[in-house]
Every structure is written in structure tokens, then in C-alpha cells.
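J.: One-letter residues, chain by chain:
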Amino acid sequence: MENGRVIRRNTFSIKTLGCKLNQYESECLRSNLEKIGFEFRKFYEKADFYIINTCTVTGKTDSRSRNAVRRARRKAPDSVIITTGCYVESNPRDLEKMDEINYLVGNKDKSYIPYLLECIRENGNKTELNIEDITENKPRLGCEIDLFHGHSRAFIKIQDGCNAFCSYCIIPFTRGRNRSVAPDNIISQIKRLVKNGYEEIVLTGIHIGRYGKDSDFSADLVMLLRKILKNTEGIRIRFSSIEPTEVTSELIKLVSETNRVAPHFHIPLQSGDNSVLKAMNRPYTVEQYIEKTMEIASYMPDAAIGTDIIVGFPGETDDNFKNTCSLIESELPVNYLHVFSYSDRPGTRAESLPGKIDPETRKKRSRELIEIGKTKKREFLFSQKNRNEIALVQEKLDADERFYKSITGNYCEIILPASSADLRGKLVPVRFSGNRGGLFFGEITGEPLIKE
Amino acid sequence: MKADSMNNKKIYLKSFGCQMNAFDTEMIGALLTEENNNRITGDPQDADIIIVNTCSIRKHAETRAINHLHKLSRINNAVLAVCGCMAQRMGIELKKIVPGIDIISGPDNYKQLVSILSGNLDEISNTILLERKHDTTYKLPVRCNEEQFRPSKFLSITRGCENYCTYCIVPYLRGDLRSKAPDIVISEINRMHISGVREVTLLGQNVMAYQYGDVDFTSLVELILDKTGIDRIRFLTTHPKDITMELFHIMAANSRVCNHIHLPLQSGSNRILKLMGRKYTREDYISSVEEARKIVPDLAITTDIIVGFPTEDESDFEKTMELIEYIRFDSAFTFKYSPREGTSAYRMDDNVSVDTKKKRLERLNKRVKEIRYDIFSKLNGRKFKILLDGRTKKGKNQYIKGRTTHFRNVKVNKSSLKEGEFINVKLKKLEGFTFIGEEI
Numbered sequence: 001m002e003n004g005r006v007i008r009r010n011t012f013s014i015k016t017l018g019c020k021l022n023q024y025e026s027e028c029l030r031s032n033l034e035k036i037g038f039e040f041r042k043f044y045e046k047a048d049f050y051i052i053n054t055c056t057v058t059g060k061t062d063s064r065s066r067n068a069v070r071r072a073r074r075k076a077p078d079s080v081i082i083t084t085g086c087y088v089e090s091n092p093r094d095l096e097k098m099d100e101i102n103y104l105v106g107n108k109d110k111s112y113i114p115y116l117l118e119c120i121r122e123n124g125n126k127t128e129l130n131i132e133d134i135t136e137n138k139p140r141l142g143c144e145i146d147l148f149h150g151h152s153r154a155f156i157k158i159q160d161g162c163n164a165f166c167s168y169c170i171i172p173f174t175r176g177r178n179r180s181v182a183p184d185n186i187i188s189q190i191k192r193l194v195k196n197g198y199e200e201i202v203l204t205g206i207h208i209g210r211y212g213k214d215s216d217f218s219a220d221l222v223m224l225l226r227k228i229l230k231n232t233e234g235i236r237i238r239f240s241s242i243e244p245t246e247v248t249s250e251l252i253k254l255v256s257e258t259n260r261v262a263p264h265f266h267i268p269l270q271s272g273d274n275s276v277l278k279a280m281n282r283p284y285t286v287e288q289y290i291e292k293t294m295e296i297a298s299y300m301p302d303a304a305i306g307t308d309i310i311v312g313f314p315g316e317t318d319d320n321f322k323n324t325c326s327l328i329e330s331e332l333p334v335n336y337l338h339v340f341s342y343s344d345r346p347g348t349r350a351e352s353l354p355g356k357i358d359p360e361t362r363k364k365r366s367r368e369l370i371e372i373g374k375t376k377k378r379e380f381l382f383s384q385k386n387r388n389e390i391a392l393v394q395e396k397l398d399a400d401e402r403f404y405k406s407i408t409g410n411y412c413e414i415i416l417p418a419s420s421a422d423l424r425g426k427l428v429p430v431r432f433s434g435n436r437g438g439l440f441f442g443e444i445t446g447e448p449l450i451k452e
Numbered sequence: 453m454k455a456d457s458m459n460n461k462k463i464y465l466k467s468f469g470c471q472m473n474a475f476d477t478e479m480i481g482a483l484l485t486e487e488n489n490n491r492i493t494g495d496p497q498d499a500d501i502i503i504v505n506t507c508s509i510r511k512h513a514e515t516r517a518i519n520h521l522h523k524l525s526r527i528n529n530a531v532l533a534v535c536g537c538m539a540q541r542m543g544i545e546l547k548k549i550v551p552g553i554d555i556i557s558g559p560d561n562y563k564q565l566v567s568i569l570s571g572n573l574d575e576i577s578n579t580i581l582l583e584r585k586h587d588t589t590y591k592l593p594v595r596c597n598e599e600q601f602r603p604s605k606f607l608s609i610t611r612g613c614e615n616y617c618t619y620c621i622v623p624y625l626r627g628d629l630r631s632k633a634p635d636i637v638i639s640e641i642n643r644m645h646i647s648g649v650r651e652v653t654l655l656g657q658n659v660m661a662y663q664y665g666d667v668d669f670t671s672l673v674e675l676i677l678d679k680t681g682i683d684r685i686r687f688l689t690t691h692p693k694d695i696t697m698e699l700f701h702i703m704a705a706n707s708r709v710c711n712h713i714h715l716p717l718q719s720g721s722n723r724i725l726k727l728m729g730r731k732y733t734r735e736d737y738i739s740s741v742e743e744a745r746k747i748v749p750d751l752a753i754t755t756d757i758i759v760g761f762p763t764e765d766e767s768d769f770e771k772t773m774e775l776i777e778y779i780r781f782d783s784a785f786t787f788k789y790s791p792r793e794g795t796s797a798y799r800m801d802d803n804v805s806v807d808t809k810k811k812r813l814e815r816l817n818k819r820v821k822e823i824r825y826d827i828f829s830k831l832n833g834r835k836f837k838i839l840l841d842g843r844t845k846k847g848k849n850q851y852i853k854g855r856t857t858h859f860r861n862v863k864v865n866k867s868s869l870k871e872g873e874f875i876n877v878k879l880k881k882l883e884g885f886t887f888i889g890e891e892i
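Same order as they appear, the protein sequences are chains A and B. Count the first sequence with the numbering used here and you get residues 1 to 452, in order. Count the second sequence with the numbering used here and you get residues 453 to 892, in order.
The following block holds chain A by itself, in its conformation from the complex:
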């Protein structure tokens, strides 16, 4: 009480770690909280509530999640800190030990967090509430978003959960089984974003190649893409990570025949050695992976093809690792890499495998592969010189508005000199022009694709 008035705890901040799906879910939380009168604050600002949307995909993201909690507590000692996301599912005991945290909310109850904040706001101070009481008594909140703050493109959820159980992966334990969002809901969500000016929508999920396979609406990813293209105009669709076995010839053909789906395939390889792939419970061979990426490149020689690789999986020998390196360096039409150093995830099969690789070796392998990846990426960028592409204009880089950042369909980040009009968020035709100091530049060659 101050001057006889109850001080309303009304400001919140969200820190999101990990995948695009988490980012989408944080955006839903923000949208629903703002609808009931809460005010957003940046994470470095003081707030009454901090929501830490955690990630547990590696040991590193666990530790980053814990750091975010400590950071929030130091910033605002009297705030209420709510921790949610996959780390809460994988290892709640770790987090229960942290005095800084007031509430742990599991993934299935994540969407109820706005109610939790509302209860705390209405009942004064940090009442010890029970999340179950809230989930039982309140309707599930809608999760459509109108904006995607801080991004020029919007990520949306088309699917959640995973049935694959790759031996190293904790996500099936934290996000449950496959669930697909109905095509009509996806289209309605996209239309809302398009109405607010978004010109690129990124379809995200945990296992989007399995889209529709779990549901009674008969659809798969290709059908969904066709339906989205039919029901929208001009905007560009990009899909996130997809498994090699699920990149069908039909999908490749569809992407090659339209300029409205970004020619960008992120296909996790994980290892370039068949024995490691088998131990990882990955349902393909190196040869199949090569064939698939070659097929993409034969239709679209300038497509972005990216991959994830785990180094230091239990039992990975120097020779196994060398196989991965030489595969990436030579024959494979992959042009960028995300490299992960293996870390044990509690409860996975790989955790109990023998032949754990020491941290030094993991680090060394990771560094080596990251370098190979950088070379690949650079070579790809150089190969694009003088090519024409379509780029989405992102934020401006300097106060004088002389330069914008942009992202092309084939996932190249290029710097564009600004014109007089504000082109942020617009799709524009560009030509790759050159590079300087590690940056690549382009020029705008025509009018924006979508007129006002």
C-alpha cells in the first residue's frame, strides 16, 4: 500500500530460449497478457513478472536458462519469476532447487500462465497459487497472434510433439506425442498476420514432416502448403527443419515450381557415419541423405540446404568424425551447418550408452566442423554473386538509415543500401553485388512485390 492505493503489479517480461516453436509460444503469451492489461518490458528492464521460457535440448541451454532466472532475480528482487518450457519437463528437480524461482509451469499448462499472473495481480502479493486450480477452472486461451515483436517475419506453429525418439533427444519426453494444428486454423492465423503486414511466414513445429499424420483431417505438409498458397496472395512461406526421410519428391517439386515458398531446406544429418546414425536411431543412411540433397540441388541448384550435426555422440571414433567432415567437405550440396556438441540428456537412451567422448575432444571436433561450415557458407555466398533473388527487408542497421539487413529466399543475409521509402518487412527483388569484411551486399532491383 502506498498513499492508500494498492500498487498493481502490472509489468512483465519474457526471456525465450531455444527453438522457433518456443518463440511462437512466448509471442502467444505476450499477446494474451497484453489483452488483459499487462505491460511488456524488455528483459533488461525492471518488471513485476518474469517468464523464463526455457530450453533443454543441450546441457548448454539448461545452463543458459538458469542464468536467465538469476539475471531476472538480480534485476528485480521483488519480482515473481515463472519458469516454463522444456527444462521444466526434463528436470524439474534442478529448477526446484533454485530459490529465485516462484513458479514452475509445465509445457501443457504454459498457455495458462496469463491466468496465473492475473491471479497474483488481483490477490496482491505472491500468493502461493496452484496451477492445477487454474487449469481446471479456466478455459484454454486462444493462441492466435497478430504481431511477432522484434521480427520482420512471423513464426507460427503447425505441429507440436514428436514420436521419433532419436536416442540422444529429450524433446519427445518434454513435448509429448505428435499433434497437428488443423489447416483452417493455420490459414486463419496466417491471414491475421498478413493483415498486419507480414510478408513472410515460417511454419514451425517439432516434427513438421509428420504434419497431419496423427489427425483425422486428411492433410500432409505438401497439401498444407498448397492450401496456404491458394488462400493467400504474394506472401512467402518458409518451412523450418524437416527430416530427410520426409522431404518427398512432391515437396521438392512444389518448392521448385513456385517463388512463394522459400527454396530453403533445413535437413538434420546429425552424423555422416552410418554406424553413428544407427546408434542415434536415425531412420536413414548417409547414402539416402546424399541422394535426397542431390535431388533438391538438381531441381534448385541455388537452394539453401542446411543441416544440424551432433559431434561427440557416445562411441563416435575419430574415423566416424572424419567421415562426417569429408562428407560435408566434398560431395554434399549442403551450404550451412549448425554444430552441436553432444550432451547427455536425462532419461534418453544415449545417456546409458558406453563410450562417452571427453569434453576436450567434443570441443575440438565441434570447432573443426564449425570452421568447415563457415567455409561452406562463404563459398555459397560467393557463388551467389550477380544472381537475382527475392529478399525480405529486415531492420535498419544504422541511425542514418543508410543500410538495411535482409534475408533472401535461399537464406542468405545480405545488406541493402536504403532507398527513401521505408521498406522494412517488404519482399523486394535484389541482386547480390559483393562482399566486404565478412558481410555480403546486394542492391534492390525493382519495386516491392506486394503493393500497399
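Because the hints were derived from the structure by calculation, they are not lab data. Nothing here was measured: the structure is a model prediction, and the numbers come from that model. Glycine is no exception: its CB is placed at the ideal position from the N, C-alpha and C atoms. One thing to keep in mind: the hints can contain errors.
[To be verified] Computed list of lysine-lysine pairs in DSBU-like fashion (alpha-carbon distance at most 35 angstroms, straight line):
#1 853/B to 396/A
#2 97/A to 746/B
#3 835/B to 60/A
#4 20/A to 227/A
#5 693/B to 837/B
#6 809/B to 771/B
#7 547/B to 810/B
#8 585/B to 396/A
#9 42/A to 563/B
#10 746/B to 75/A
#11 870/B to 322/A
#12 835/B to 278/A
#13 746/B to 377/A
#14 693/B to 563/B
#15 374/A to 837/B
#16 746/B to 363/A
#17 374/A to 881/B
#18 396/A to 110/A
#19 35/A to 230/A
#20 364/A to 746/B
#21 585/B to 679/B
#22 363/A to 881/B
#23 835/B to 356/A
#24 364/A to 853/B
[As the list claims (entries may be wrong)] A few chain A positions that, by computed beta-carbon distances, are all more than 10 angstroms from chain B:
#25 28
#26 58
#27 77
#28 219
#29 232
#30 250
#31 259
#32 268
#33 298
#34 361
#35 382
#36 388
#37 445
[To be verified] The calculated label-pair distances, taken between Cβ atoms and stated as ranges, are:
#38 275/A to 886/B: 43 to 53 angstroms
#39 846/B to 245/A: 50 to 60 angstroms
#40 876/B to 326/A: 10 to 20 angstroms
Start from chain A and add chain B according to the hints.
T.: Below, chain B without anything else, positioned relative to chain A:
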């Protein structure tokens, strides 16, 4: 082309002292060459404008600057401008010592200085700019001088200092702490990056004191990581009393933040630290370093040490020697205490004899060097990434040199390499404190 009084001016710049000064000097040069077809010259004889940016940190720094000014004042026809800390401290007195000076400008008056020098040079005579400005919203453009391209640049993020360490004149000359707005910092870094810069060193008397609204220094570093693509970030200087472990967590998580910190110790004796007004103890210092090294195991730490502060006795000095043994600094800037008029330590009796100061400094330097050598020699055979930032020549050999994330120098005998590139090297041997590396 010959200069008239308005256009085609040739400017000679000379900077003494700290990196903040180096940044300011470059900024003044950039502002002056933005228009009127002015350009920078390396030859003072050829210049229409001579600008000397001075330092007051020690008596010696002022003496050097004054000697230099005497020489430069003999050059006819050039406008001689003196700026920086000594200009602020001495003001009009300076003109009595060096009568040829035309302009005296303190660190808060560079905008005005530039505007005067951009005008008609014939109209300039006896201009004194010493007004103290305490506004927090200053913005000065950074334009990269393409002719003098360097892949590594300084960027000041704060001005001034409010710590008032008892020996230090800087707060009196540079004024209160002011922090530059984060969006301006980001814009300036992006602009540097676009022009080819790969590494930026964020400068402040104490960067840890950066505060703009809710944005503190660690948040600023995170914003820079997020909103710019600059390849490497360094920062200078950090006051031990303000250091937070957050910073090291960011360092550990981002290879773009270099694994080096300059953490001025000044003394290893708690009694002396207290007299210096440093607001930390040796125990605080040790525990910060221990904690930081747990988070960033290969952290390189450099430092500043003053010997012969008033009343420092043998046992105080031994405590400093003990501490350098324990911490093992990558390198140390060491100084004999020099009383600065106007500071609170100036009122103390400067009672450590010149001879004792000299002996202590020699002993300290010797040990610092030995430790440095020990650290460095163990690194031979290791591999590092370096940013190539300059060339050197030794005999017939052309070398290109660069620095590791730890700020250690490596030179490579391969002339096809270009400044501004990153390469991986294997360290082969030490020459002085520079490694000879081989590209891998």
C-alpha cells in the same frame, strides 16, 4: 591542391595517452574531413591544422606533450590546437608555456572545436574552449576514415568518471559519467562493420558503470551481440569494484566476446587500496578473478599497478608482489606514483623516495615479465584464431600480424594474407612477446 582559408585543409593529428583520447582524436579527424575536401596528413610540416590531444594522467605525460608542442609551434602558418585533459587542466597557462598555441579545447568542447576549424582559418586567434558540459545526451558521428582503414576500432560508450580514486586527475578533467544511448552505439558499430571493421573495443574510463535507462553494460553487450554482426567485441576498462559475473557468462557463451579483461589492481595491499579510494579489497579482487576463471577458464587478465603511493612500505609492496604471483597477469602496465595537483592524494606527503619507487618498479616489472613469459611459452604448439590487423617487417621478412581473442600478438610470414581477415594459426615460437605463427 593548395588550401585556401576554407577548403582543402590538411590536418595533422597527434594523440597522447589513453585509448579514449585515441578515439577522440580519430573522431575529430573524421568530422573535419567530412566536407570541404579536407584531408589528413602524416607530415606536420605540410599541415594547415595541427591538433594535439593531450594527457594529464602523470607528470611525464604532460612533459612529453609540452616538448612536442614546442616543436610543432615552430611550424609557421599552421593553426595549432591543443585539446584533451592537459588542455582542460592548464587552460590559458599552457599558452604562457607555448605561446604559439592558437586554440585550447577541453574534452567537452570538441563539437565547437570542429566547427571553428571548419571555418575560416584566418579568423582564428587565441580561442579558449573550457566550458564544462554535463549533458548526458551527446551524439558524435563516427566516420571510418577509409584511407586509414583498420579492421579493429575503438568506440567510446561513456565519457567521464565519478570514481574519484584519490590519485587520479581524470574525473576533474573529463567530468561526470555520461553514457551513450544503446541505439547510437549499435548504429555506430553497424556502420563500422559495413565499412569493413571486424572488431570493436568499447571504451570507457569504467565501462561497468555504463547505464542508460535500464540498460547496464552487460545488457549493452547482449544488445550488440543481437543487433550487430560485428565479429569481435572487446572492452576497456573495468573497475574491479563493479565487475559482475554476468559478463563472464556472456563471454563464455559467445565466442564473439573476447576472452580478455583489463582489471586494474593498482595495489595488493588493503591499506593502500583504501588510501587510493578503490573501494575493494585484495580478497574481493581475488574472489572475482577466481569466480571469473571458473566461468571462462582461459581468461586472459591484464592490469595496471602503481608503486610508491604515499606511505606504501615494504610490506605493502610485498602484498602486491604476492598477488601478482597468485593471479598471474598476462601483462601489466606499471607506474611510479606521480602526484597530481587537485587530487586528494596530492595533499598526502609523497614520502616514498624516487629511488625506492624505481627499485620497486624494477622488481615488479621483472617479475611481471617472467610470469608473462611463463604463460606465453606454454602456449607454443597451441592453435588460435587471429584477426589480422597490421604488417611488420623484420630484415627481409614481411610479416602480417594479428591478435588472439586474449589480445596476444601473433605474426605470420605470409604476404598473401590481407588485413581484416581471420585465420587459424599454430603458435611456433616466441620472439619477445610476439608469437611467430603458422597458418593452418
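J.: Would you list, in rising numerical order, the hints stated earlier that this structure does not obey?
T.: Checked against the structure, no hint fails, so every one of them is satisfied.
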